[in-house]
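Trainee: What follows is each chain in one-letter form.
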Amino acid sequence: GAVVSQHPSWVICKSGTSVKIECRSLDFQATTMFWYRQFPKQSLMLMATSNEGSKATYEQGVEKDKFLINHASLTLSTLTVTSAHPEDSSFYICSARAMSREQFFGPGTRLTVL
Amino acid sequence: GEDVEQSLFLSVREGDSSVINCTYTDSSSTYLYWYKQEPGAGLQLLTYIFSNMDMKQDQRLTVLLNKKDKHLSLRIADTQTGDSAIYFCAERDGNNRLAFGKGNQVVVIP
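From first to last, the protein sequence lines are chains L and S. First residue of the first sequence? That's 1 in the numbering used here, and the numbers climb one at a time after it. First residue of the second sequence? That's 1001 in the numbering used here, and the numbers climb one at a time after it.
Chain L on its own, in the form it takes in the complex:
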């Protein structure tokens, strides 16, 4: 149990385009989902926390208009990187948590912006 999927697993896009990444909890209802980014050989940095049906809470320094997060259902959250630029290239990882449970992580999405 407690499986979290992400789609796509990798994406290459041109500078200026927008990219949407999906995060799904497959066998449980996630009241809270988290989005992280990870640069090569570095740790995970929390970008934002989203609770189902409400606006996401962004960490300091993360542009909410740049990284749009939607958590419309208990099993799906999406992260849209708008007007992507090469510096947005990174590994994006989501995690999902049900009430009073641990966070379970998705496999990550590798974004490369040319």
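Hints listed in this document are in silico derivations from the structure and should not be mistaken for laboratory results. Note that this is a predicted model, so its numbers are computed, not measured. Where is the CB? At the ideal position from N, CA and C, for every residue including glycine. Heads up, none of these hints are tricks.
In silico BS3-like pairs for lysine-lysine, Cα to Cα no more than 30 Å straight-line:
| no. | chain 1 | residue 1 | chain 2 | residue 2 |
| --- | --- | --- | --- | --- |
| 1 | S | Lys1036 | L | Lys20 |
| 2 | S | Lys1102 | L | Lys20 |
| 3 | L | Lys55 | L | Lys20 |
| 4 | S | Lys1070 | S | Lys1056 |
| 5 | S | Lys1102 | L | Lys64 |
| 6 | S | Lys1102 | L | Lys66 |
| 7 | L | Lys41 | S | Lys1056 |
| 8 | S | Lys1067 | S | Lys1102 |
Chain L regions said to be covered by chain S (calculated; three or more residues, Cβ under 8 Å):
| no. | segment |
| --- | --- |
| 9 | 42-51 |
| 10 | 102-113 |
Knowing the structure of chain L, use the given hints to seat chain S on it.
Mentor: Just chain S now, kept in the frame of chain L:
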């Protein structure tokens, strides 16, 4: 904010034990975790320890917690080639968010 420190690299021979260390700063952390990340993959929860415990053993994994020194360690017994990965410690803050260490890459030599 929380600051979690880890050393960077460890090589170990197959069959030996490996020990990874971590220090943290938030004394109010209730849970501390160890995660494993294989190349190009997400994080896999290996084990966790509640802050009122000193030790937890789970098969080949032993977690030691020194709350006074804010020091956490993970010992992997009989290390296997499949244990080659990056290991992250993490602490849960008062808002139920996780703060991760920088990670420790473990390379198991056959």
